[in-house]
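J.: Once you have looked at the hints, place chain L on chain F.
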Amino acid sequence: MHDFRRFVRERLSLPRLRAGREAEIVEDLAQQLEDCYSSAIDRGASEEEAVAAAQREIPDWDALAREIAASEARDRTPLDVRAADHLDTRAASHADAGGGGPLRFLSEAAADALHGVRLFLKRPGFTAAVVVTLALGIGASTAMFTILNAVLLRPLPYPESDRLVRVWESNPGRGMAKFGVSQPNFLDWREQGTTAFERLAATQSRPQNLGGSGGLEAERIRTLAVTRDFFPLLGVRPVLGRDFLPEEDAPGQGEAVAVVTRGLWQRRFGGDPALVGRTIVLDEVPTTVLGIVPEFHWGEYEAFVPLRPDPAGNRADHRLGVYGRLKPGATLEQARAELIGIAARLAGQYPASNEGWTVALAGFFDWAVPEESRRGLSLLLGAVGLVLVIACANVAGLLLARAAGRGREIAIRASIGASRARLVRQLLVESILLACTGGALGLLAAHWGVGALAAAAADALPRADEITLDARVVLFTAGLSILTGLLFGLAPALHATRVDVQRTLKEGTAGGGGGRQRARSALVVSEVALSLVLLFAVGLLLRSLAVLVEVPPGFDTQNLLTASLTLPDSRYPSMKEFTAFRERLLGRLDGLPGVVSASVASGLPMDGNGTMMEVYPEGGAVREDGPAPSAQWRMVSPGYFHTLGIPLLRGRDLDDRDLTPEGQLAGVVVSEALVKQCWPGQDPIGRQFHPWSTKNPPATIVGLAGDVRLFSPDQDPGPAVYLLYGRWNPMQIAVRTQGDPMALAGVLRAEVRGIDPGVPVAQVRTMEDLFDTTTAPRRFTMALLAAFAGAALILSAIGLFGLLAYLVTQRTHDIGVRLALGARRRDILGLVVGRAMLLTWIGIGAGLAGALAITGWIRSLLFGVGPRDPLTLAATAAVIAVTALLACWIPARRAARIDPIEALRYE
Amino acid sequence: MFSRELKKGSTELLVLSLLEAGPRHGYDVGKSIERRSGGRLRLRIASLYPMLVRLENRDLIRGRWIERPGERRRRYYRLTPEGRKVLARERATWKEFMAAVNAVVGHGHA
Numbered sequence: 001m002h003d004f005r006r007f008v009r010e011r012l013s014l015p016r017l018r019a020g021r022e023a024e025i026v027e028d029l030a031q032q033l034e035d036c037y038s039s040a041i042d043r044g045a046s047e048e049e050a051v052a053a054a055q056r057e058i059p060d061w062d063a064l065a066r067e068i069a070a071s072e073a074r075d076r077t078p079l080d081v082r083a084a085d086h087l088d089t090r091a092a093s094h095a096d097a098g099g100g101g102p103l104r105f106l107s108e109a110a111a112d113a114l115h116g117v118r119l120f121l122k123r124p125g126f127t128a129a130v131v132v133t134l135a136l137g138i139g140a141s142t143a144m145f146t147i148l149n150a151v152l153l154r155p156l157p158y159p160e161s162d163r164l165v166r167v168w169e170s171n172p173g174r175g176m177a178k179f180g181v182s183q184p185n186f187l188d189w190r191e192q193g194t195t196a197f198e199r200l201a202a203t204q205s206r207p208q209n210l211g212g213s214g215g216l217e218a219e220r221i222r223t224l225a226v227t228r229d230f231f232p233l234l235g236v237r238p239v240l241g242r243d244f245l246p247e248e249d250a251p252g253q254g255e256a257v258a259v260v261t262r263g264l265w266q267r268r269f270g271g272d273p274a275l276v277g278r279t280i281v282l283d284e285v286p287t288t289v290l291g292i293v294p295e296f297h298w299g300e301y302e303a304f305v306p307l308r309p310d311p312a313g314n315r316a317d318h319r320l321g322v323y324g325r326l327k328p329g330a331t332l333e334q335a336r337a338e339l340i341g342i343a344a345r346l347a348g349q350y351p352a353s354n355e356g357w358t359v360a361l362a363g364f365f366d367w368a369v370p371e372e373s374r375r376g377l378s379l380l381l382g383a384v385g386l387v388l389v390i391a392c393a394n395v396a397g398l399l400l401a402r403a404a405g406r407g408r409e410i411a412i413r414a415s416i417g418a419s420r421a422r423l424v425r426q427l428l429v430e431s432i433l434l435a436c437t438g439g440a441l442g443l444l445a446a447h448w449g450v451g452a453l454a455a456a457a458a459d460a461l462p463r464a465d466e467i468t469l470d471a472r473v474v475l476f477t478a479g480l481s482i483l484t485g486l487l488f489g490l491a492p493a494l495h496a497t498r499v500d501v502q503r504t505l506k507e508g509t510a511g512g513g514g515g516r517q518r519a520r521s522a523l524v525v526s527e528v529a530l531s532l533v534l535l536f537a538v539g540l541l542l543r544s545l546a547v548l549v550e551v552p553p554g555f556d557t558q559n560l561l562t563a564s565l566t567l568p569d570s571r572y573p574s575m576k577e578f579t580a581f582r583e584r585l586l587g588r589l590d591g592l593p594g595v596v597s598a599s600v601a602s603g604l605p606m607d608g609n610g611t612m613m614e615v616y617p618e619g620g621a622v623r624e625d626g627p628a629p630s631a632q633w634r635m636v637s638p639g640y641f642h643t644l645g646i647p648l649l650r651g652r653d654l655d656d657r658d659l660t661p662e663g664q665l666a667g668v669v670v671s672e673a674l675v676k677q678c679w680p681g682q683d684p685i686g687r688q689f690h691p692w693s694t695k696n697p698p699a700t701i702v703g704l705a706g707d708v709r710l711f712s713p714d715q716d717p718g719p720a721v722y723l724l725y726g727r728w729n730p731m732q733i734a735v736r737t738q739g740d741p742m743a744l745a746g747v748l749r750a751e752v753r754g755i756d757p758g759v760p761v762a763q764v765r766t767m768e769d770l771f772d773t774t775t776a777p778r779r780f781t782m783a784l785l786a787a788f789a790g791a792a793l794i795l796s797a798i799g800l801f802g803l804l805a806y807l808v809t810q811r812t813h814d815i816g817v818r819l820a821l822g823a824r825r826r827d828i829l830g831l832v833v834g835r836a837m838l839l840t841w842i843g844i845g846a847g848l849a850g851a852l853a854i855t856g857w858i859r860s861l862l863f864g865v866g867p868r869d870p871l872t873l874a875a876t877a878a879v880i881a882v883t884a885l886l887a888c889w890i891p892a893r894r895a896a897r898i899d900p901i902e903a904l905r906y907e
Numbered sequence: 001m002f003s004r005e006l007k008k009g010s011t012e013l014l015v016l017s018l019l020e021a022g023p024r025h026g027y028d029v030g031k032s033i034e035r036r037s038g039g040r041l042r043l044r045i046a047s048l049y050p051m052l053v054r055l056e057n058r059d060l061i062r063g064r065w066i067e068r069p070g071e072r073r074r075r076y077y078r079l080t081p082e083g084r085k086v087l088a089r090e091r092a093t094w095k096e097f098m099a100a101v102n103a104v105v106g107h108g109h110a
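Line order of the protein sequences matches chains F and L. Mind the numbering: the first sequence is residues 1 to 907 in the numbering used here, read in order. Mind the numbering: the second sequence is residues 1 to 110 in the numbering used here, read in order.
Hints in this document: simulated from the structure, not taken from any laboratory. Treat the hints loosely; a few may be bogus.
Okay, the calculated beta carbon distance ranges per label pair [stated by the list, open to error]:
id, chain 1, residue 1, chain 2, residue 2, range
1, F, Gln55, L, Val105, 34 to 42 Å
2, F, Ala421, L, Pro81, 44 to 52 Å
3, L, Glu20, F, Ala70, 23 to 31 Å
4, L, Glu20, F, Arg21, 50 to 58 Å
From the derived model, a few chain F residues whose C-beta atoms are all more than 12 Å from chain L [claimed, not checked]:
id, residue
5, Ile25
6, Gln31
7, Trp61
8, Ala63
9, Ala65
10, Ser71
11, Val117
12, Ala250
13, Ala347
14, Val424
The beta-carbon is built from N, C-alpha and C at its ideal position, and this holds for glycine as well.
The shape of chain F in the complex, shown without the other chains (with noise of 0.2 Å):
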């Protein structure tokens, strides 16, 4: 007997009609032709005459399948085919009319956009779909590169930046690569730099307190001391009035002038435009305002003052940050050299001062974006692009699917006569059209996002004050959406046009669709493996963060408000009134309700600032030839040591003997470092050693304290000297409270006040506050990370949701009878889930090699964890697989659930 149903089967192919339809219609063929066949041989008709008559029935299987898939269609999907046809007339009739060219090339463009147009607004589902994921991947590329763009792409904003360079004073010997310079170097400088050099400036913090006016409380504002080419050389021109004339820079008591920014102007005065030559009081001096300066991305300063560089100042007291503008045509390198040489003839001039030191130049861009936030960047933008490759992988895969209910109407119009380019064509402006409608989503988001990205790229970020979205941005995002639409669409694009119609009705549906799970497969494999990458980064970010807020700091950051004040010269002139004043205001501290202690130092922990001195020992064991050895040193009062939660592990805390009413050091406490390095293994207690120069009277150590973290918890703690607190401006005080110390805060300026109203009392914080600015660049680089490899996760598992969903779709039949030949749902369950883990340990496997690759990048990012962490890497691997056995839950149930005789009735 003749197989009818296989001859149908091998005749008849009709492409992208769902399975259960076309094995029916294949049914009543093959039986009806069996049924003629049937009716010859009752005829008396010899066997192939038969079945000769049964083929004649159908002599054109081509045409037939034509007729069939449009009867099928003209209901289903009648507008994709119409429109297709309506489309490939216009093109064609365009072409007839001659009208060739880029005319010709634009109108098909402008047709296949508005035929792609239809068919979304057909498929909102689908649509929103892609463009959602789209928005997503655009949107947060177009955030990270918002902020590349004002970090690192725009150019600092003055004019000319590129001939601006930051110069220090460099002492390589003794470990100070970039260091202050001292004032009568500095003039040096300038006076004989002039080759390379068409200014040079120098800066000094200098808080001052503005004095109260007009029903307003004195305050301390930011003042920097500046010299007269300071403005000039930046570009900064006034607004009103002007900036400092050279003989107001001369060194000597002139006349108090300043030169206060917009911001201080408009908030303490209100804009008054007579503000210029008048009078305001600065520490306590009266001040004439020369002028009102714009805004200008220079620290938080307020007020500028003649910095007044004096050239018989002390050479070695290397406080002044430096800064100089080359001619124009003159090379970093030239300006280095000419300064190299001048710093070698004062080494020569002055040999106690200066031996040994040097300098050192930077750009001033590479100066003010330091290669950390470089780096930090440069890896979230790599972390942001991968999220992009798995947002696209995403929607390739969704075109994949959606590419068996367009075979229908490919095949037709390329029956119709549209080339392979053309369709190509249609499909791929398809795919720009959604992925520029998922970047303007994108850049809406990111327009609406940079302000709290800037805010908290704040303490993170330098230049964070200039993110802001630009013209760059929008054509960034605009390249970056054309070329997203090209790269998930041109796969699914040639791998649906690939079907010449012949080829389609021979194949049927199984072996494209077998091609086209292989596709989504890898795309799933691919996506898997990019989230397994980033979410290890996140997981190596986070467990250094952990590590480092575990780092024991060597005093209790907890509970501990610190503030800041400055005593002006005018009234607190010399060491007795400062003590005064110090004893007075811990007095009153000490007594309130709340407060375990309080103390004064010259610098906290963690508060940025840093002093250095050498430390010349007396008999002690360090090497003759070689640099003394340095330390940090801090003025403390006494008691600091029980405030801060620093261990006073031998000797005694310091107290008035220490310091005499000449500032003369006598005792001192110093750290377990620093006994360390000069007395190893030996009781510090009552040692002595020249602090600074050798010409200095020795010093005597009373105390050994715990080694402190002072600058950041990932800097191993250095040697430091404490000095009993004579007279330091400014004064830093730590108040260790019972309960939330931010509740004193109100309390302690209203001390200050009771003591001096003219001493206001700045940065009040909690020193938790300050412990995390200093880890505040980890932080906001691990949160995007984190966000991204979320992003990344979330569309990984739509992925493998959508490629498993459709699977289970594409095999009921086979699963039907797998139930029906006596298969469990447990196996049923498990043959869907082992297909997805199959897919995600591939991925995983994958994922782990480029993990491994990217070590070299994030090694720096690290601390406390090294880059192939074994434990991070098993807890992302697990974290991923958990996420795949989620996302392929509801199809394996979905498979289970099958009712094998529903799904038999198919066929």
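T.: Using the frame of chain F, we list chain L on its own:
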């Protein structure tokens, strides 16, 4: 026998009329048309089948798999209520059309 165009225009009416009496399977539809027309109308599966698909998609007929004792499973097509209405309408149109054509053609001969 008759020109293709003529047949094509009337196939729908033929199929619907034939199914009015009761369900038939696909091959039987073609055979019955041939039989009733005395062999003058012969529709190949290639022309008939797409018509069945079209009518079914327009909800005028409905196909169902039916297995009779001693027979293989076949797809039987029956008229839907909608199909019945359309048939009545087309039949009336057809009669009017034939009457008009006859009137013209008959006069010519007379």
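J.: Hint by hint, say whether it matches the structure.
T.: Structure-based check of each hint:
Remark: the range hint 34 to 42 Å for glutamine 55/F to valine 105/L is upheld by a beta-carbon distance near 39 Å. Checked against the given bound of 44 to 52 Å, the beta carbons of alanine 421/F and proline 81/L, roughly 49 Å apart, stay inside it. A beta carbon spacing of about 26 Å between glutamate 20/L and alanine 70/F agrees with the range 23 to 31 Å that was offered as a hint. Remark: the range hint 50 to 58 Å for glutamate 20/L to arginine 21/F is contradicted by a beta-carbon distance near 26 Å.
With 12 Å as the threshold on Cβ separation, the claim that isoleucine 25/F sits away from chain L is violated: the shortest Cβ distance comes to roughly 7 Å. With a minimum CB-CB distance of about 5 Å to chain L, glutamine 31/F fails to clear the 12 Å threshold, and the non-interface call is violated. Against chain L, the non-interface label of tryptophan 61/F is violated: not every CB pair exceeds 12 Å, the least being about 9 Å. Against chain L, the non-interface label of alanine 63/F is violated: not every CB pair exceeds 12 Å, the least being about 7 Å.
Here alanine 65/F does not stay apart from chain L, with its beta-carbon only about 10 Å from theirs, under the 12 Å limit. Remark: the non-interface label on serine 71/F conflicts with the geometry, its nearest Cβ contact in chain L lying 4 Å away (cut-off 12 Å). Non-interface call for valine 117/F relative to chain L: holds, since the shortest CB-CB distance, roughly 27 Å, exceeds 12 Å. Remark: the non-interface label on alanine 250/F is consistent with the geometry, its nearest Cβ contact in chain L lying 99 Å away (cut-off 12 Å).
Alanine 347/F, annotated as away from the interface, keeps every beta carbon of chain L farther than 12 Å; the closest lies near 97 Å. Every CB of chain L is more than 12 Å from the CB of valine 424/F (nearest about 31 Å), matching its label as outside the interface.
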